[in-house]
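Undergrad: The residues making up each chain are set out below.
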Amino acid sequence: MINDVIAIIQDYWLLLLIGQYPNGPLGGLANTLILSALSIALAFPVSILLALARLSKWRLLRWPVTGLVYVTRGVPLLMLILWSYFLVPLWTGADVPSFVTMLTTLVVYQGAFLSEVVRAGIVALGSGQMDAARALGHSSLGAMRFIILPQALYNMIPSIISTFVSTIKDTTLGYVINVPDLTFAASQVNNQLLTQPFQVFFILAVVYYAICWSLTHVANIVERRITRRRAGLSGDAAPVELVPAKIISEQL
Amino acid sequence: MSTSAAQIQQVQTIRLSDVCKSYGDYPVLKNIEAEVARGEVVVICGPSGSGKSTLIRTINRLEEINSGSITLDGQNIHAAMRTRELNLLRSRIGFVFQNFNLFPHLSVVENVSMSPIRVKGVAAAVAHDKALKLLDRVGLADKARAYPGQLSGGQQQRVAIARALAMEPPVMLFDEPTSALDPEMVGEVLAVMKSLASEGMTMICVTHEMGFARDVADRIWFIDAGQILETAPPEEFFKTPRHPRAQRFLADLRH
Ligand SMILES: Nc1ncnc2c1ncn2[C@@H]1O[C@H](COP(=O)(O)OP(=O)(O)OP(=O)(O)O)[C@@H](O)[C@H]1O
Ligand SMILES: [Mg+2]
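Protein sequence lines correspond, in order, to chains W and R. The end of the first sequence is residue 252 by the numbering used here, with every number in the run present. The end of the second sequence is residue 255 by the numbering used here, with every number in the run present.
One thing to keep in mind: the hints can contain errors.
Claimed, not checked - Under the rule of at most 20 Å between Cα atoms (straight-line distance), these lysine to aspartate or glutamate pairs were calculated in the DMTMM-like manner:
1) Lys57/W - Asp4/W
2) Lys57/W - Asp142/R
3) Lys194/R - Asp224/R
4) Lys57/W - Glu168/R
5) Lys120/R - Glu85/R
6) Lys194/R - Asp136/R
7) Lys120/R - Asp131/W
8) Lys130/R - Asp142/R
If you're looking for bench data, these hints aren't it; they were derived computationally from the structure.
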């Protein structure tokens with residue numbers, strides 16, 4: 001069994017790593033990581049905008065965005081993927097690559113989840129910081145940018161890493177719309193070998209586990225460090241509650 | 001410091017006329033009429049829940065009012081205006097909070113210099129120098145690089161005062177600035193406030209520190225159930241309070 005696994009890795013490591021590139025589209029683990037990194041990089045600013053909209057005093061902004069966040073969080077990701085896969089080309093008439101479809105869906109989905117983290121982080125700061133900023137003459141946007149968000153986002157770093165981990169896991173769903181990622185490459189290998197599905201998918205599981213476990217480990221270290229720093233910093237004022245990364249990642 | 005009635009008429013800077021505010025059906029401020037002259041130090045006192053914080057927070061419009069007007073040098077703070085204008089107006093009224101509300105992610109000197117840079121557009125180097133001078137003035141020059149979490153409560157509150165002063169406000173408001181402090185730190189904050197008063201700063205202070213009120217205030221406003229029941233110079237207020245509720249309040253304090 002171990003020999004089979006080693007043999008598969010020796011024969012197919014390049015396919016698993018980069019897919020059919022340069023003869024075909026980039027795929028494999030490289031594509032999985034690029035897709036995850038891109039979606040988290042885009043989901044992050046989106047989540048800030050969504051959170052600000054949800055905290056806005058204008059109902060016209062608050063209500064639709066709240067609806068969007070609720071629907072996105074309440075629907076299975078696979079459903080969203082299929083929707084964008086079938087509906088977006090219908091609406092736009094354009095032939096959208098599956099990678100872009102997957103990326104957009106992940107950005108919306110993770111943006112909605114992260115926006116709840118951002119919102120919780122802002123609310124956890126309490127009204128005192130905003131009061132102080134306003135009393136000094138800061139505009140609400142200026143207060144957000146220089147006073148509220150730097151604190152809220154700093155507290156959020158572990159949650160962002162956790163979201164990154166779940167995004168990596170979520171990219172496997174791209175398989176159903178033929179996104180050439182690591183899972184896709186593994187199933188190609190499986191189709192060629194036909195007789196060794198256990199070994200192939202064992203390799204797949206090990207790779208995902210190794211990546212996700214090490215990132216989770218990093219998140220825990222960072223979280224502990226931030227908690228310690230906060231404890232040293234908070235002094236007399238009520239300690240700012242850290243948004244718990246673990247709970248958030250379990251929700252996803 | 002003490003100002004005659006005639007002078008008050010001439011150089012009033014803050015004027016509250018017929019100010020009413022309620023939370024839902026519950027009236028918190030009822031027809032408040034009051035004036036503060038330039039350079040005057042007013043101490044607001046009254047029982048818990050009487051509306052002291054609400055009143056002082058309406059003066060820089062951290063709270064809205066339902067009717068009436070509050071003017072600073074003739075300009076109505078609660079008039080409809082652009083937010084830019086309101087922010088500018090607010091920056092001319094210093095506010096010191098009970099819980100300091102320093103920005104914990106910024107160092108002490110950044111806490112003090114940030115608003116002049118971001119709100120007034122002062123050059124960073126100029127704001128920084130000014131901040132160091134202000135910190136020196138409140139006795140914290142050596143803490144410029146520290147973070148708020150590394151300071152004691154009294155030190156944090158002195159930074160908060162320096163932060164408010166950095167905007168060069170003609171008026172300073174204090175909402176129970178020493179109530180969150182351990183007793184041994186109250187003195188250092190009151191000393192800073194005293195020196196401000198002696199330099200002619202116009203100040204409105206909500207405080208339970210009756211010693212400070214006696215020594216520094218020009219006038220006491222006694223407020224109960226959302227109404228100013230008595231305004232008097234401290235000697236008069238402490239010796240011969242006129243309103244029965246003020247008498248009871250002072251009697252309770254002495255126990
Ligand atoms: N946001 C709010 N919503 C509803 N009621 C409020 C709100 N803020 C204050 N109140 C009520 O208004 C009244 C006045 O409150 P305020 O904080 O001004 O009192 P205070 O004189 O400052 O009291 P303390 O000495 O305890 O600080 C209280 O009865 C309080 O319960
Ligand atoms: Mg109060």
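Undergrad: Taken at face value, is the distance from the CA of Asp136/R to the CA of Lys194/R at most 20 Å?
TA: This hinted pair holds, its Cα atoms lying about 16 Å apart.
Undergrad: Regarding the pair Lys57/W and Glu168/R, is the alpha-carbon distance no greater than 20 Å?
TA: 31 Å, violated
Undergrad: Take the C-alpha atoms of Lys57/W and Asp4/W, compute the straight-line distance between them, and say whether it is at most 20 Å.
TA: 61 Å, violated
Undergrad: For a C-alpha distance cap of 20 Å, please report whether Lys57/W and Asp142/R respect it.
TA: The given pair, whose Cα atoms are some 42 Å apart, is violated under the 20 Å limit.
Undergrad: For Lys120/R and Asp131/W, compute the direct alpha-carbon distance and say whether it is at most 20 Å.
TA: 18 Å, holds
Undergrad: Are Lys194/R and Asp224/R close enough, with their CA atoms no more than 20 Å apart?
TA: Distance of about 26 Å is beyond 20 Å: violated.
Undergrad: Run the distance test for Lys120/R versus Glu85/R: straight-line Cα separation, threshold 20 Å.
TA: 12 Å, holds
Undergrad: Please verify whether Lys130/R and Asp142/R have alpha carbons no more than 20 Å apart.
TA: 15 Å, holds
Checked against the numbered hints given earlier, the structure breaks hints 1, 2, 3 and 4 and satisfies all the rest.
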